[in-house]
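Protein sequences, first through last, are from chains H, W and E.
Sequential numbering from 1 applies to the first sequence in our numbering.
Sequential numbering from 1 applies to the second sequence in our numbering.
Sequential numbering from 1 applies to the third sequence in our numbering.
Incorrect hints may appear among the rest.
As the list claims (entries may be wrong) - Below, in silico cross-link-like pairs of lysine to any residue (SDA-like), each with a Cα-Cα straight-line distance of 25 Å or less:
| # | chain 1 | residue 1 | chain 2 | residue 2 |
| --- | --- | --- | --- | --- |
| 1 | W | 269 | E | 472 |
| 2 | W | 242 | E | 305 |
| 3 | W | 59 | E | 319 |
| 4 | W | 191 | E | 217 |
| 5 | W | 59 | E | 379 |
| 6 | W | 199 | E | 55 |
| 7 | W | 278 | E | 385 |
| 8 | W | 191 | E | 42 |
| 9 | W | 59 | E | 385 |
| 10 | E | 84 | H | 143 |
| 11 | W | 269 | E | 28 |
| 12 | W | 242 | E | 309 |
| 13 | W | 191 | E | 43 |
| 14 | W | 269 | E | 385 |
| 15 | W | 279 | E | 383 |
| 16 | H | 153 | E | 417 |
| 17 | W | 269 | E | 230 |
| 18 | H | 153 | E | 441 |
| 19 | W | 59 | E | 472 |
| 20 | W | 279 | E | 472 |
| 21 | W | 269 | E | 383 |
| 22 | W | 242 | E | 482 |
| 23 | W | 199 | E | 230 |
| 24 | W | 269 | E | 31 |
| 25 | H | 153 | H | 143 |
| 26 | W | 59 | E | 382 |
| 27 | W | 279 | E | 382 |
| 28 | W | 199 | E | 215 |
| 29 | W | 199 | E | 43 |
| 30 | W | 278 | E | 382 |
| 31 | W | 59 | E | 391 |
| 32 | W | 269 | E | 232 |
| 33 | W | 191 | E | 41 |
| 34 | W | 278 | E | 472 |
| 35 | E | 84 | H | 145 |
| 36 | W | 242 | E | 306 |
Bear in mind the hints are in silico, worked out from the structure with no lab data behind them.
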Amino acid sequence: MNRNKSFPASTIRIALEGISLRRGTRAVLREVNFEVPAGQITVLFGPSGVGKTTCLRLIAGFERPSAGVVKLGEEIVSSETQWVPPRNRRVGFCFQEDALWPALTAAEHIQIPLRTFMNNRDDIHRRTEDILNSMGLAAFADRYPAQLSGGEKRRLALARALAMEPAYLLLDEPLSSVEGPMREELIRRLRECRSEDRAILAVTHQLDEALALGDRLVILSGGRVVREGQLCEVVRNPLNRDAAQLVGYRNYFSGRLENGTLISPFGHWITNSAGVEKQIRLAAFPEDFRAWPDVQGEAIIQECRPSSRVYRVQAVCSTDCFEALAETMLETGQRARLRCVNPPAVLEDRPV
Amino acid sequence: MIRQSWISGGIAVLLFGMVLLGVQGCGGASNAVTIYTSVDRDYAEPVIAAYQEQNPELKVNAIYDSEMTKTTGLFNRLLEERRNPQADVFWNSEIVRTIQLKNEGVLEAYTSPAAQDIPDQYKDPEGYWTGFSVRARVMLINQTLVPETETPASVPAMGKDIYQGKTAGMATPQFGTTATHMAALYTLWGKERFTLIIKTIQGRGIKMFPGNASVRDAVVEGIIAYGLTDTDDSYAALEEGKPVRMAFVDQGEQEVGTLVIPNTVALIKGGPNPENGKKLIDYLLSPAVEEQLAQSRAKQIPVRDAIPRPEGVPDLSTIKTITVDYNQVAQNMEPCLELLRTIFR
Amino acid sequence: MKQRFQGGWFLRGALMIVLILPVLVLVVSSGPDKAGAFWNSWRVFDRYALERLVTSIQLAFWITFFALGFGLIVYGGYCGLSPKTRPFLGVLALLPLSYPPFGAASAWMIFITRLEHPGEGRILWDAHGTLSRILYSVFGGGWILGLCLWPIAFLLLTMAAGPQRSQMEAAQLGMSRWSAFRKVVWPAWRMPLITAGAVIFYLGLLQFEVPSLLQLQVYPLEIFIQFTARFSDWSAFLLCLPYLLVVVPMAWGMPRAPGGLAIHAGEPPYRWQSSGLRAAALAGTALVFALSILVPLASLMRHAGSVSLMWRVTTEHAPIVIRSLLYAITAAAGVVILGTWFTSAFNTKHHPLVPACLLALFVLPGVLIGAGWLQIRSYWPGVQPDALMAATLLAAYITHTFLLGYGAGILLWGYYGIRQREFDSLLHVGAFPYVRWLLLPALWRPGLQATVLVMLVLWGDVGMTILLYPPGGDTLAVEYYNLLHYGSESRTASIGLLLLLVPALTLMVAFALTARARS
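Okay, chain H solo, but in the shape it has when bound:
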């Protein structure tokens, strides 16, 4: 795979098919399958240590899978028997640690990758200026990494990766150690990197980062993909407990689907599933639950803490724990009634 070969935009995609990776006796990834299409930011999300960065490294070619196949476009770039060197994959990589070159200025960080495929000095100079401008780094062109702030370093790392004109951009925890306005700025710039001839995969363990950045979400847990899809769809319908837990669902309860109605102890909702009757598991966000004092309520308050203009409540109902919001302060041990004010998500037994 080289720069001179042109690809139709529709072929730009990353695909992991049946990827497994063992390190010693430990299985890091098991049968991982997901796709990263062009034109969107796909976020690979999951707790620390589940193999997110490992997936990035497999795609970049820094590691080799024990089984399965990594495809970039239509080409298999990594498998047990095949391997394309990283420099031939048109991959741009932003490391969590930035991995900037301490002895080079910001401008040189851009020039070096450009020089690998451009010969004309003026073109290189012009393109360097463009890239630095696009990242808001024009004023720092002559500075060394040690002279830049955390956010500036991150932007420089991104600028360097983009200077390689990658078809595949891989970002490892792109917003880590970046706070406040700099973070918003970086999110904006990252989203500007989307284009039809580029597939972007970002990795994070912070849900708010995933929600701010991603168009698509792939949730990894225990070395497996537990949910994959467009961001809103995944958040609204996690489909399994693992995914639900990771995207922030905290309340799990049982319900019944009957005559097109979803019935549960915390509310009823009309559904589209007429004619289906079955027991189901439901999940809801704490923000979808409300609690108010009721001496005959089914729940007992465990804890109540203020949060902005409302109160966050933990309560026990039967043997289950719930998190809810309340408009007034509730006492520990007080009885309360819980209600789910928005339709909950329906969970299936196995991941999609």
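Starting from the known structure of chain H, arrange chains W and E on it as the hints suggest.
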């Protein structure tokens, strides 16, 4: 970028330096001669320089060494190079190593016309080496410590006489002319008598020094009352006016005499420029060089009677010398060294 | 996966073969002809050799004792300094390494001679007075070599020891000073001290030139007697076997060493709070520096006599100084560059066989390696050009010290960073542009420092140089070592001064050049 130019410049300087290292002359030129010499550089260099001056069209390459260098020496270099020798001539400050090289097949026979007037005892019967300009083994005596009437110049009696609490000294016997002297005595006395005498000497607590020059310095300073050394070291001290006197060892009627150690010169077998080597040997064996060495600070004793000697340098015929076959001495060197190793621990 | 330069196993294998070739050639060519001779040759391991081994062990013990002691004292001074001034001490601490140990020994011998015989400048090689008796003993040898080798202990302590300020502050809450030392400070110092002690002890066993000057009958003397007095390369090699047997377990331990000797980053080691302790530590440091640098320097300067003589000797010896520097720096640069390339193949795993071979080449006496290269060179037909002779001398230097290049390479790649290397593997760029654009700017500073440190080791070499140098190409160290055996005169002392000052100046210039101009 300026910094990259600087780095590139640094690399260029390094490469240039490497070229400089290699460009030390046109090694490989056919009009050249290479000599390896273990003679002290202070004495050998003027001799070789004079030859270069007389032959400006010739490139004379010299590698110097010291017989006292314990780490390694030109002998090893000659042995390791024997597949493709790079030296034409070997000029040794002593004789035993030269004979050992002959036995190893490193030398080539050459009888120089310049050596016709050199006595036969200083020439290899088969023509592999020729000796000239000898040193002798002497006892250097501190005049302040040792009375005029006494001359402790006997090797077997070393250490017996103590003067004002100061004993005798000698150089480590495993290297240099001291080793040669020991091997000669071993040859002369036989193993048993030699062992007995050396153990007795060692048992008297004589002091050991790294080399003959160190023995000289110790005598001059009065660290030891007298010490076994060579004539060249002794003459150097005398010339400086130090309070010492010199006596040739074992000159008594019943004694064996002193060992004279000639310089030896030999042609290297398979050397790159044998004809030039022969000419250099002819030069080294010439009376002019013997005279030059006699007149030098070393005051090496000419083997030719006709060569004028500086004051204080005796005629060889007036000195009682050990009569020994140098080839046998060379053969006995190894067992002698092995024995000395067990005694001097 | 594969990063830049990570392939090329064939080339690396070829380099290893080239490195061990001189030893193989020497052993094969010098091995005993007959089976009987083979069994006889093992008789070199007699009780006299054992006695010399015991002397070497005693000497190594004292060297280790003094080196660790001095190193710890200077480290104490280091901990007494503020973080801003510590780098200066760090560079100064390298100075004792710049002087060949035999040069330091000769300076001490002149110094003691002057103390016992005022007015006399020559070395009198005698254990006459009390001080001389002490000097010409294993204790004295340990003292001199301890003063030369303490920087090794100091460097390891600064690289790996703590404790850090936060650890000490935590210890001060509810712990006595003695408990804090026992439970916090000593555990931080223990591993570097043990490592330094092992390295220095082993180096002490290899010492020959200084004990030779002090007339100590040490084990390496056996090796050299076999080589230079008996012309027996095979016996000399046999006598090296005990060294090689120690090397094997050391090499197997080396891959674990980075874990066992954690190099800390970030917070610098704790600074003594007590001003009394600081003052004492700094006074001790000053004393160690005085003994290891000023005494040899002053002794040589005094004995060198007039400034005009020193100047004359300097100008006369300018060509030999330049030549000696070029040999040492060129070989050192070769060692570091080749070592860096060689280790680029290894990420975190080091096969023990590689450091085992390199350790073996390091501990074998240089003369044996030089002899092997001499034999290889003799295959060149006809007259050997001076450039070839110089090249084989450089090859011998590189062979003998490649272990240092291996270590330098590991440190340099660690400094460069594994993430950097991974990112670099994404760039479609040729090897030469990669080196020029990325590696050189990042690594030229530490690379130059490593080169100068290797140069210090090669500057004082005598054995290999004598065997291999081209006509007219001898070095300052060889000349000085030869002259020492004739006693010591003013001229010789002036040359000794050059031998000390040239590498010291080179060290200072190199570290000044590589000091970072920006924070």
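Hints versus structure:
no. : hint            : in the structure
1   : 269(W) - 472(E) : holds, 22 Å
2   : 242(W) - 305(E) : holds, 20 Å
3   : 59(W) - 319(E)  : holds, 19 Å
4   : 191(W) - 217(E) : holds, 24 Å
5   : 59(W) - 379(E)  : holds, 24 Å
6   : 199(W) - 55(E)  : holds, 22 Å
7   : 278(W) - 385(E) : holds, 22 Å
8   : 191(W) - 42(E)  : holds, 24 Å
9   : 59(W) - 385(E)  : holds, 13 Å
10  : 84(E) - 143(H)  : holds, 23 Å
11  : 269(W) - 28(E)  : holds, 23 Å
12  : 242(W) - 309(E) : holds, 23 Å
13  : 191(W) - 43(E)  : holds, 21 Å
14  : 269(W) - 385(E) : holds, 19 Å
15  : 279(W) - 383(E) : holds, 19 Å
16  : 153(H) - 417(E) : holds, 17 Å
17  : 269(W) - 230(E) : holds, 21 Å
18  : 153(H) - 441(E) : holds, 19 Å
19  : 59(W) - 472(E)  : holds, 12 Å
20  : 279(W) - 472(E) : holds, 21 Å
21  : 269(W) - 383(E) : holds, 14 Å
22  : 242(W) - 482(E) : holds, 24 Å
23  : 199(W) - 230(E) : holds, 22 Å
24  : 269(W) - 31(E)  : holds, 24 Å
25  : 153(H) - 143(H) : holds, 11 Å
26  : 59(W) - 382(E)  : holds, 17 Å
27  : 279(W) - 382(E) : holds, 20 Å
28  : 199(W) - 215(E) : holds, 19 Å
29  : 199(W) - 43(E)  : holds, 23 Å
30  : 278(W) - 382(E) : holds, 18 Å
31  : 59(W) - 391(E)  : holds, 21 Å
32  : 269(W) - 232(E) : holds, 21 Å
33  : 191(W) - 41(E)  : holds, 22 Å
34  : 278(W) - 472(E) : holds, 21 Å
35  : 84(E) - 145(H)  : holds, 22 Å
36  : 242(W) - 306(E) : holds, 22 Å
In the structure shown, no violation is registered for any of the earlier numbered hints.
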